[in-house]
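2 protein chains.
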Amino acid sequence: MKTNFDKKISSFKEQISQRIGEILAKKEPVSLYEPMRYALAAGGKQIRPVLLLLANEAVGGQTEHALNAAAAVELVHNFTLVHDDIMDNDDLRRGRETVHKHWDKNVAILSGDGLLVLAYQTLNQTTTVNLQRVMTTFSKGILKVCEGQALDKEFENRDSVPIDEYFTMIEKKTAALISMSCKIGALLGTENRDYILAVEKYGHLLGRAFQIQDDLLDVIADERVLGKNVGSDLQENKKTFLILHALQNASGANRKFLKEILSEKNISRQKVEQAIHLFAEMGTIDAAKSRVRHELEEAKETLSIIPDSPAREYLSHFLKILLNRNY
Amino acid sequence: MKTNFDKKISSFKEQISQRIGEILAKKEPVSLYEPMRYALAAGGKQIRPVLLLLANEAVGGQTEHALNAAAAVELVHNFTLVHDDIMDNDDLRRGRETVHKHWDKNVAILSGDGLLVLAYQTLNQTTTVNLQRVMTTFSKGILKVCEGQALDKEFENRDSVPIDEYFTMIEKKTAALISMSCKIGALLGTENRDYILAVEKYGHLLGRAFQIQDDLLDVIADERVLGKNVGSDLQENKKTFLILHALQNASGANRKFLKEILSEKNISRQKVEQAIHLFAEMGTIDAAKSRVRHELEEAKETLSIIPDSPAREYLSHFLKILLNRNY
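So the sequences go chain by chain: A and B. My numbering numbers the first residue of the first sequence as 249 and each following residue consecutively. My numbering numbers the first residue of the second sequence as 249 and each following residue consecutively.
Honestly, the hints are just simulated from the structure, not real lab data. Among the hints, a few may not be true.
Identical copies carry no separate label here, and so any pair may be met within one copy or between two of them.
As the list claims (entries may be wrong) - Computed list of lysine to any residue pairs in SDA-like fashion (alpha-carbon distance at most 20 Å, straight line):
(1) K507 - H313
(2) K275 - K568
(3) K388 - R267
(4) K353 - D339
(5) K401 - H350
(6) K507 - P558
(7) K548 - R381
(8) K388 - Q369
(9) K353 - N337
(10) K353 - D338
(11) K568 - E512
(12) K507 - K519
(13) K388 - V278
(14) K392 - V278
(15) K293 - K519
(16) K255 - E270
(17) K275 - T384
(18) K349 - N337
(19) K486 - V355
(20) K392 - Q373
(21) K568 - M530
(22) K486 - R441
(23) K353 - L329
(24) K504 - R406
(25) K353 - N405
All chains, full assembly: derive it from the sequences and hints.
Structure (structure tokens):
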């Protein structure tokens, strides 16, 4: 049986998909727009636009006035995916070939660019006295994502990274876009600064939790549910919460082993399993889980200054869903 | 001796460079911003921002209110160069290594993205009641550039292209950004619709002439001045005004030869010279020159409805400079 929460999310997703469909429909040349339609057709979780609409409703806004903004953040998110997949050499996304794999790198570069421009164009169609401020928030958020991606790539070539630099990176790469989505939703629904700040912080904390959990799922998820190999972050020398946390607490042979993992390219399955075993043994997996729980609890608390409403409850419930996701 | 025109252009260029310098200064991480600073440091002709400021002044605007917009169009132009150089596999730009050559493709993708976002961010700092309209014009222009680039890449894989499709392509790839720059300059200086339309059309015609002349310079310029090999468009199977015009008028052995040129990869120097010789013989080079002159004359005429002023004269003079450029 569908709960009210499920119905709400489904209704939002449908409206978002419809708006995006309109934006991309019948545009030419196909060599530019077909890859965009392909990238968006995969659907995905639509977390950012859904949060934007929930935040908007929670502060008293109307969905119809926030729908362009919701479509815009989803377009931006897909722009980052299309370009990141080139940079990370990822061939699969949502169970299908990535754009650069299905066509080629040039097509992926150009259609990613187009998605970013369409995102701005769509956001600019929003009717609000706040448009300049909304646009500022939007650009700042996207720039942070670029900075976060640059740091992430930098980290791949470094032997080790202090955990606070890791947090700076994920705040830019992951949390910024989620936080920005929530903030824009609020900006389009209220003038109340406290509500706007609360919702922005909620997004920030949720975004951090989301990334740490992504790191966690890479080593503990069921491969069939995850849709990719367990331990792929380890194989790509990604600096994740787990490896950095473990490294911080390890000594002797364990430390040496973790350093090896971080510098070696394409480590064996056996070493991946050994690393995961070590994470469990050292309490790193528990530390990550508790960190996720902690961020989500804090996120929930930030909502308390906003008047109670179904939408506020849905924002809370969203945190629970996130905590229990397995892909 | 410097003319008033030269002084004006120098003063504009200085202000544009200074504003861009401010925008890019001290930003981190360096792995993202250093390539952007590198791309912009080469300077270039700054045609688009200079035209924006001239158009603005010609319709009665004030430079200080248009400077962010001028910087924004130059940032966008450089975004297109950084990404196009990846797609076209070009290793040299303005006598220096391109970003993807100096660093790598990933760096070029990401710093190009960053330039586009900074362009929007900078334009959004403009103080004007027209901001939403300016933003709409901006997005439309950039989207056309993406579409034009997509068509240009499509054309490379086609045996032949009708000349009207060529014009559609260059209107998007080259004229759109120049026309948009002029229009935004006007939007920031006047409410007069006729002036705005005139200046937009001026940019459109100038942009077309600019591209046809680019095609022309590829075969008639002095290599040392041009900074690249003569005939490089021919070697990349680019569909230029010259080859399409020649093909349209050729028959028999000439037609067969031109078809060969269009389908062969990396043709020999001898064939390049043979093609250029054929262009001259068939009157294609004269046709291109006369087309450029015609577009520029028309561009000059469109300015006639704008009240006479030094700035309007400079816009006219700009056309002469363009007609006589040799690189």
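Now the hints, each set against the structure:
no. : hint        : in the structure
1   : K507 - H313 : neither (51 Å within a copy, 54 Å between copies)
2   : K275 - K568 : neither (39 Å within a copy, 37 Å between copies)
3   : K388 - R267 : between (24 Å within a copy, 19 Å between copies)
4   : K353 - D339 : both (11 Å within a copy, 17 Å between copies)
5   : K401 - H350 : between (23 Å within a copy, 17 Å between copies)
6   : K507 - P558 : neither (48 Å within a copy, 68 Å between copies)
7   : K548 - R381 : neither (26 Å within a copy, 39 Å between copies)
8   : K388 - Q369 : both (16 Å within a copy, 8 Å between copies)
9   : K353 - N337 : both (10 Å within a copy, 12 Å between copies)
10  : K353 - D338 : both (12 Å within a copy, 15 Å between copies)
11  : K568 - E512 : neither (37 Å within a copy, 60 Å between copies)
12  : K507 - K519 : within (12 Å within a copy, 57 Å between copies)
13  : K388 - V278 : between (31 Å within a copy, 17 Å between copies)
14  : K392 - V278 : between (31 Å within a copy, 13 Å between copies)
15  : K293 - K519 : neither (32 Å within a copy, 55 Å between copies)
16  : K255 - E270 : neither (23 Å within a copy, 49 Å between copies)
17  : K275 - T384 : between (28 Å within a copy, 17 Å between copies)
18  : K349 - N337 : both (9 Å within a copy, 19 Å between copies)
19  : K486 - V355 : between (26 Å within a copy, 17 Å between copies)
20  : K392 - Q373 : between (23 Å within a copy, 18 Å between copies)
21  : K568 - M530 : neither (26 Å within a copy, 74 Å between copies)
22  : K486 - R441 : neither (38 Å within a copy, 55 Å between copies)
23  : K353 - L329 : both (13 Å within a copy, 16 Å between copies)
24  : K504 - R406 : within (16 Å within a copy, 56 Å between copies)
25  : K353 - N405 : between (23 Å within a copy, 16 Å between copies)
Comparing the model with each earlier hint shows violations of hints 1, 2, 6, 7, 11, 15, 16, 21 and 22; every other hint is respected.
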